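So the sequence lines, in the order shown, correspond to chains A and B.
Take 1 as the starting number for the first sequence in my numbering and just add one per residue.
Take 1 as the starting number for the second sequence in my numbering and just add one per residue.
Where hints are given, some of them may not hold.
Simulated crosslink set (DMTMM-like; lysine to aspartate or glutamate; CA at most 25 Å straight-line) [stated by the list, open to error]: (1) A:LYS180 <-> A:GLU116; (2) A:LYS169 <-> B:GLU181; (3) A:LYS169 <-> B:GLU212; (4) A:LYS104 <-> B:GLU250; (5) A:LYS169 <-> B:GLU229; (6) A:LYS104 <-> B:GLU324; (7) A:LYS104 <-> B:GLU227; (8) A:LYS169 <-> B:GLU255; (9) A:LYS169 <-> B:GLU357; (10) A:LYS104 <-> B:GLU181; (11) B:LYS33 <-> B:GLU265.
In case anyone wonders, no lab produced these hints; they're calculated from the structure.
Just so you know, these numbers come straight off a predicted model, no measurement behind them.
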Amino acid sequence: MSRRRVVLVDDHHLFRSGVRTELGDAVDIVGEAGSVSEAVPLIRELDPDVVLLDVHLPDGGGHAVIAQVAPERPGVRFLALSVSDAAEDVIDVIRAGARGYVTKTISGAELVDAIERTAEGDAVFSPRLAGFVLDAFRSGEAAVDPELDTLTAREREVLQLIARGYRYKEIAARLHLSVKTVESHVSAVLRKLQLSSRHELTRWAAERRLI
Amino acid sequence: MTTSPYRLPLTLPRVRRAQDERALGGVAAGIAKSLDVDPTLVRLTFALLAFADGAGIAAYLGAWLALSLEDGPAPSPRRRALGVALIAVGGLLALRGFGVSDSLLWPLALGAAAVMLIRSRGGVYVVVGVVLGIAAVIAFVDRNVGQADTSSALESSAVAIALLLVLGPWAWRLALERDAERTARIRTEERAEMAARIHDSVLQTLALVQREAGDPRRVAALARRQERELRGWLYPASRAEGASLASALETAAAEVEELHGVPVELVQTGDLPLDEQLESLVLASREAMANAAEHSGAEEVAVFVDVADDDVAVFVRDRGSGFEPESLPPGAHGIAESIRGRMERAGGTVALASSREGTEVELRLRRQP
Numbered sequence: 001m002s003r004r005r006v007v008l009v010d011d012h013h014l015f016r017s018g019v020r021t022e023l024g025d026a027v028d029i030v031g032e033a034g035s036v037s038e039a040v041p042l043i044r045e046l047d048p049d050v051v052l053l054d055v056h057l058p059d060g061g062g063h064a065v066i067a068q069v070a071p072e073r074p075g076v077r078f079l080a081l082s083v084s085d086a087a088e089d090v091i092d093v094i095r096a097g098a099r100g101y102v103t104k105t106i107s108g109a110e111l112v113d114a115i116e117r118t119a120e121g122d123a124v125f126s127p128r129l130a131g132f133v134l135d136a137f138r139s140g141e142a143a144v145d146p147e148l149d150t151l152t153a154r155e156r157e158v159l160q161l162i163a164r165g166y167r168y169k170e171i172a173a174r175l176h177l178s179v180k181t182v183e184s185h186v187s188a189v190l191r192k193l194q195l196s197s198r199h200e201l202t203r204w205a206a207e208r209r210l211i
Numbered sequence: 001m002t003t004s005p006y007r008l009p010l011t012l013p014r015v016r017r018a019q020d021e022r023a024l025g026g027v028a029a030g031i032a033k034s035l036d037v038d039p040t041l042v043r044l045t046f047a048l049l050a051f052a053d054g055a056g057i058a059a060y061l062g063a064w065l066a067l068s069l070e071d072g073p074a075p076s077p078r079r080r081a082l083g084v085a086l087i088a089v090g091g092l093l094a095l096r097g098f099g100v101s102d103s104l105l106w107p108l109a110l111g112a113a114a115v116m117l118i119r120s121r122g123g124v125y126v127v128v129g130v131v132l133g134i135a136a137v138i139a140f141v142d143r144n145v146g147q148a149d150t151s152s153a154l155e156s157s158a159v160a161i162a163l164l165l166v167l168g169p170w171a172w173r174l175a176l177e178r179d180a181e182r183t184a185r186i187r188t189e190e191r192a193e194m195a196a197r198i199h200d201s202v203l204q205t206l207a208l209v210q211r212e213a214g215d216p217r218r219v220a221a222l223a224r225r226q227e228r229e230l231r232g233w234l235y236p237a238s239r240a241e242g243a244s245l246a247s248a249l250e251t252a253a254a255e256v257e258e259l260h261g262v263p264v265e266l267v268q269t270g271d272l273p274l275d276e277q278l279e280s281l282v283l284a285s286r287e288a289m290a291n292a293a294e295h296s297g298a299e300e301v302a303v304f305v306d307v308a309d310d311d312v313a314v315f316v317r318d319r320g321s322g323f324e325p326e327s328l329p330p331g332a333h334g335i336a337e338s339i340r341g342r343m344e345r346a347g348g349t350v351a352l353a354s355s356r357e358g359t360e361v362e363l364r365l366r367r368q369p
């Protein structure tokens, strides 16, 4: 398998070089940018497999990069990376179109794995993101669109295991499913997260002027 | 900010005759500039006052004498005194022109003189001013008590309106300035507090990190603690008020992390106010975290808290060496007493799964209705 071509977007130079070192030869870092205005033309030009995207950027934030690039470069996948695990930050980039969200404390090996999964079009959920989604899709509120506004029992089960720190393979073994099925459940949840009009989600999005 | 926030706003804006927008002596334009109003408004006031026995003319002449030209030298004290006197005459004439009876006017004049003297340099002037002020009050009481003079009420309100017209904008601006000053003061205080906090926390930690640079585990623990502290300060969690399950578990996780130097990743959904039953759950969870941190050899402990309507579950997972529950030495009180005993007394259950890939302890409580 050829190495994934990755662009790194983060306004902290130190952090970028740290990630570069940690990733080593596992991926091919083809470019780096420190702001939205730098990142947009760079990504258009390089057309990478995956963009590792900081949620907070000085001139507009990660979602601004996705909004400007995604329409013309549908093949580029975004993985959000943040020091913060505030719910608003999560919802912000995911709804803009990121395929996943990991915090900056992630280990090098896990990050390589997350990049690989992102490149293949899978959703990457950290335990924290899973916990947040479970919280946001809590029962009790009437769903406007049941298809999008509620999780199936299976999806809930998968998310709970992710939140407990299980990996996809372990989840598959526990639930007697294939890894592919687990992945498709997670992707389905990601889609709901992006499209649902659930109150908790829309409120955050509205406060951030995303919709 | 060096000025005291408690300074009374008594200082009048410094008025100078305007050079650039002057029509005659620059008096009206200068006053307008310092009050931040339209010069036409001030000119109109002077013109109107001129009809009151020439009060406007006297006041204008006085002001022209008393005020220095912009960038010009200050007028001589004699010229200044003459000017002030003329302004006073103008003022008195104006009040008479409004129909203010002498019985009101004289006390007013005395009072004004008193205020001016008291507000001047001080010393003997203050004494004279206070005496004048008392004289003004006596004169006022002496001449007015017992006389229900309706016209004087009208006169007073006329004066009040005239004063409001001229002094209103100035008072308004003053209030705004004080607001701005207050905001600036609060900002300064906030900055000072932030500096103090960063000094107490981040700088201390950085110093410790430099000293312990040889011990990566210790450095990581220091960094974790600092991170948690800063986060707690920057993004205060919007948890339930008072003691809550989520905040108690957060504290427990932080304590374990610090004690054993192993990061505890805590993911929580939902929250409940803390009660006796949940307190037992928190203590049992803490023990499970401590066990994982101490014995498993894992680099991290993951904790997931799932709060549902009728039950609460806490999962404590590590990717450490694992163990055989049956082969525990008899002295292992941790699991037997601190976890299982506690949970059972609180009406909960404990499930344990351990393999070579790690251990997971599941603590579950059915909520008492």
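Hints, verified against the model:
| no. | hint | verdict |
| --- | --- | --- |
| 1 | A:LYS180 <-> A:GLU116 | holds (14 Å) |
| 2 | A:LYS169 <-> B:GLU181 | violated (62 Å) |
| 3 | A:LYS169 <-> B:GLU212 | violated (39 Å) |
| 4 | A:LYS104 <-> B:GLU250 | holds (20 Å) |
| 5 | A:LYS169 <-> B:GLU229 | violated (35 Å) |
| 6 | A:LYS104 <-> B:GLU324 | violated (35 Å) |
| 7 | A:LYS104 <-> B:GLU227 | holds (12 Å) |
| 8 | A:LYS169 <-> B:GLU255 | violated (32 Å) |
| 9 | A:LYS169 <-> B:GLU357 | holds (13 Å) |
| 10 | A:LYS104 <-> B:GLU181 | violated (41 Å) |
| 11 | B:LYS33 <-> B:GLU265 | violated (64 Å) |
Checked against the numbered hints given earlier, this structure breaks hints 2, 3, 5, 6, 8, 10, 11; the rest are met.
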